[in-house]
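Asker: If you want the building blocks of each chain, they are given just below.
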Amino acid sequence: MDPINFVILASILFAIGAAAVLLRRNAIIAFMGVELMLNAANLALVSFSRMHGEIDGQIMAFFVLVVAAAEVVVGLAIIIAVFRARQTISLDEPAELKG
Amino acid sequence: MLDLTWLLIAVPLASSFVLLLLGKRANPWGHWLGVAASGTAFVVGLLALIQMLGLDAHDRAHAVHLFSWIPGGELNVDAGLLVDPLSMTFVMLVTFVGTLIHIYSVAYMEHDPNRRIFFAYLNLFVAAMLLLVLADSYLLLFVGWEGVGLASYLLIGFWNQKPEYATAANKAFVVNRIGDIGLIIAMGLMFTYLGGVDFATVFAAAPEASTAQLTAIGLMLLLAATGKSAQFPLQSWLGDAMAGPTPVSALIHAATMVTAGVYLIVRSAPIYEGAPAAQTVVAAIGAFTLILGALIGMAKDDIKKALAASTMSQIGYMMLAAGLGPIGYAFAIFHLVTHGFFKAGMFLGAGSVMHGMHDQVDMRRYGALRTAMVTTWVTFGLGWLAILGVPPFSGFWSKDKIIEAAFVGEGVQPWILGGAALIGAGLTAFYMSRLFFMTFHGKARWTDDQHPHESPALMTVPMIILAVGSAFLGLFLAMGDRFTDWLEPVTGHAEHHEPVLPVPVIMVATLLLVALGVWVAWRKYGAADVPETAPAASLATIAARNDMFQDSVNRGVFERPGTHLTRTLVYADAALVDGAVDKTAHSFARTGESVRKTQNGQVRSYALTMLVGLVIIILVVVQGGL
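In order, the protein sequence lines correspond to chains A and B. Here the first sequence is numbered in the working numbering, starting from 1 and rising by one per residue. Here the second sequence is numbered in the working numbering, starting from 100 and rising by one per residue.
Just so you know, these hints were derived from the structure itself, not from any lab. Cβ atoms here follow ideal geometry from the backbone N, Cα and C, with glycine treated the same way. Just to be clear, a hint being listed does not mean it is correct.
To be verified - Partial list, computed: chain A residues near chain B (C-beta under 10 Å):
1. G57
2. I59
3. E71
4. V74
5. A77
6. A81
7. R84
8. A85
9. R86
10. P94
11. E96
12. K98
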């Protein structure tokens, strides 16, 4: 199977993730969009690794997995903290930084 | 002793600081310290004079190096003193008349709570004036020049609790400042064209400089001289300066400071030698001012202002003489010395009259004072005869020579200058006789609470000494051309020129005009009754009473346009310069305002912005092949 298909799939996944972040108000869903984008990037890295016959992309993918795991912990903690403070997880609700 | 001439400046200066710094503790003896400082300066000056007289005429110029003042590459100025016959003449005049006036002031200012400060200022004046005449460079002269200006300002405004006196002091200061700018510019020109500002360098380089350069320097020096010496067009401050205590008027505004301009011109002789045009302007300004001052003096009822106008006129004579070149220099200084004596004497006499008349200055309320104040009458009378130029009194020897010298020359110039000097003598006779008769003769026109009495000895003795000087100093100095020979090393040898009219004719014409002036004044103010209030008068008299509308002219020609110019500049500054800066700031503020709107606090819109930005960057990278 041509590895370019994986790259196309990664692009589609990234687009879906980005759309989820931009369009959904629910913080959990937006967060899932972020994860989706990260994994789309991982898929692209692994595909490129295969295409070039080099190991670099796969190593990078592992780094991304580790960082993503840490990011999930922190992100969920923030969402819970926001929920406790405001009784909501809508992304449009906190707008104190309005200029 | 000649090397110790710095003491002349140091002693009065030190005394002045002591009096100012010690404060009220010095009140009981402060005035005597002031007198002693001035007297010490006189003694030092006298010893130096005696030593100088023992020297050969050509060795009399003595330079005293004090310290290196401004070592600045091309401009190197040392502070030094130049003791020569010219500066020594001034030293003697300033310290002698100054000391007498110090003594007079002890009594005159007796009831003033600030007498100590008055003496501190007087000492400061003496120090500054001596620095002015002893300096060996224009820059050091300028220090003295400003010093006397400061002392003059402080003393005119000595009773500054009266707003109009404070205004008079400010006026004197501001008008003098215009002249000072002339001196500063002249020094700049000297440095550029002649390579220095000390007398030796300037005078050595002057013969090689071009006429245009010397004319520019000469005219700037003349501007400085007109400011300090109250000559046209900067004459307006002198009349108001009479707000100061009378001894101040006698010392500063009659005998010494106002003659500094004449000193400056005579000292700068080598510059004027190469600038005949500037010289002619000096003579013309002198001739014009002598007539102007005389006309103003004819109409004034305030005794001090009449004397001030007379001072202006007499300095006009000196300026006229100084503008005639070497034939006039010695007579300018000669008249300056005799004038210093008789005018100071008359001012002290006026002060004595005011002292006895409850500070009344209106001559229309005087009259018949000769019986009440005999000493004042006699001493004033001697001064009056001297200024009239009646032989053998002092003024005759100096003023007559100036009139003669003014008639020397070719073309129309001697007729104009000589004519002005001749008519001026007649006018002088009229206004001085008017003043004398209105004050001492005629019927008493005193107000009820006035009981004229003679002043104490501390005041009359200086008046007597000055009166003796007014009577005989001229004769003493003129005999055998003593004074002109004495000054010759400085002013140069004057070729003898015949005036366009024979000398006896000039002399007789002068004396006839003087007699006519006295006779008219006697008819009008001596024999006839003088009205107690000034009668309605012709336009000319009104003009003279108002100082020829000098203040209105200054206001119209300089002050108003100046104010408008300033306002325009202020407006332009606000509209253009400030406007540009403000507009820039506002545009940044507006930009910030509009950018601020994008910061809406919505996380998702930030995310969108980031996404769009990233896409754009990627597109650029991919398309640009970077």
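Asker: Please go over all the hints and tell whether each is borne out by the structure.
Answerer: Status of each hint after checking the structure:
no., hint, result
1, G57, "violated (18 Å)"
2, I59, "violated (23 Å)"
3, E71, "violated (15 Å)"
4, V74, "violated (16 Å)"
5, A77, "violated (17 Å)"
6, A81, "violated (15 Å)"
7, R84, "violated (18 Å)"
8, A85, "violated (15 Å)"
9, R86, "violated (14 Å)"
10, P94, "holds (8 Å)"
11, E96, "holds (6 Å)"
12, K98, "holds (3 Å)"
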